[in-house]
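Number of protein chains: 2
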Amino acid sequence: MGLFSKDIKTLDDLFIHTLQDIYYAEQQIAKSLPEMIEKATDPQLKQAFQTHLGETQQQIQMVEQVFRLHGHDPKGVTCPAIDGIIDEAQDIAGDVEDKDVLDAALLAAAQAVEHYEITRYGTLSAWAKQLGRDDCATILHQILEQERATDQKLTRIAESKINTKAA
Amino acid sequence: MGLFSKDIKTLDDLFIHTLQDIYYAEQQIAKSLPEMIEKATDPQLKQAFQTHLGETQQQIQMVEQVFRLHGHDPKGVTCPAIDGIIDEAQDIAGDVEDKDVLDAALLAAAQAVEHYEITRYGTLSAWAKQLGRDDCATILHQILEQERATDQKLTRIAESKINTKAA
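As you go down the protein sequences, you meet chains R and G in turn.
Position 19 of the first sequence, counted from 1, bears residue number 18 in numbering that gives the first Met the number 0, the numbering being contiguous throughout.
Position 111 of the second sequence, counted from 1, bears residue number 110 in numbering that gives the first Met the number 0, the numbering being contiguous throughout.
For reference, chain R alone in the conformation it holds in the complex (with noise of 0.2 Å):
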């Protein structure tokens, strides 16, 4: 979460900086989809990071929403996670020559990503109820199902059809 831990002293400390380490990290995703859907060749594939383009938008303001709710300012931290996995990511993007093994692999680091946001957002949500924030809670938990059905959709495109042609 690239944060200074003794500035962590409670369990809100512990939930606002780990908002910060999220929004940091769905901005990171949000400038990195474009290279992900131009490189995509199937396009049930790339139609999927495109939709997951304009949800990631949408989870933007929802973090920001929270904030606010909660009676911070929007502000980020780096997040060593989300830069490692998404370096990874562009390092397949780069240049793996067949198409067909570029989108399992593509695939492959987008599901890397989403489990990264299942579980940060699963424990966001969790730390809200405890706190009592219902109402950030709620909107946590709505961001983690979006995300969980991503994760899902990448599943069923992977097993119907992406690895058959990459194999």
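Since the hints were made in silico from the structure, they are not lab data.
Since we're looking at a predicted model, the values are computed, not measured.
Everything hinted at is true.
In this list, chains with the same sequence are indistinguishable; a pair is considered to hold if it fits within one copy or across any two.
Straight-line distance between alpha carbons at most 27 Å, and here's what the computed DSS-like set of lysine-lysine pairs gives:
1. Lys160 x Lys8
2. Lys160 x Lys128
3. Lys152 x Lys8
4. Lys164 x Lys8
5. Lys45 x Lys128
Given the coordinates of chain R, assemble chain G onto it according to the supplied hints.
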């Protein structure tokens, strides 16, 4: 995956590369767990980390078995994703003063690690099957189920006590 993408021409190449990625990741996880065990205060959380260290050591051997079944020597490649995830965990493990808040942070960090493993083993298991390596797929699926069970156990510990103690 710290890879030279140009060397990846087939799904088989991508499978081996991702196996090398998770092999490195498991080793980094095994190295980082002792510090998390030491830092955790709650006995049930400490025990869960201890159990996961044992499982991780066993999983390293299972991944080695997959390499050999598929005719390759076990080898790791630097994985920026797990390095980033562990960096965040170590930042947190650094010096959050309140022991209960630290436990909540450690637990969340461990779940981020689990989700990285879940996404990679899910992908690897599907690719192994696609490549006609049901023997490898079976082992990879066993590891996947262990990771999912660990993640669910951590969620139960979080919801039943850690989050309440931290609030």
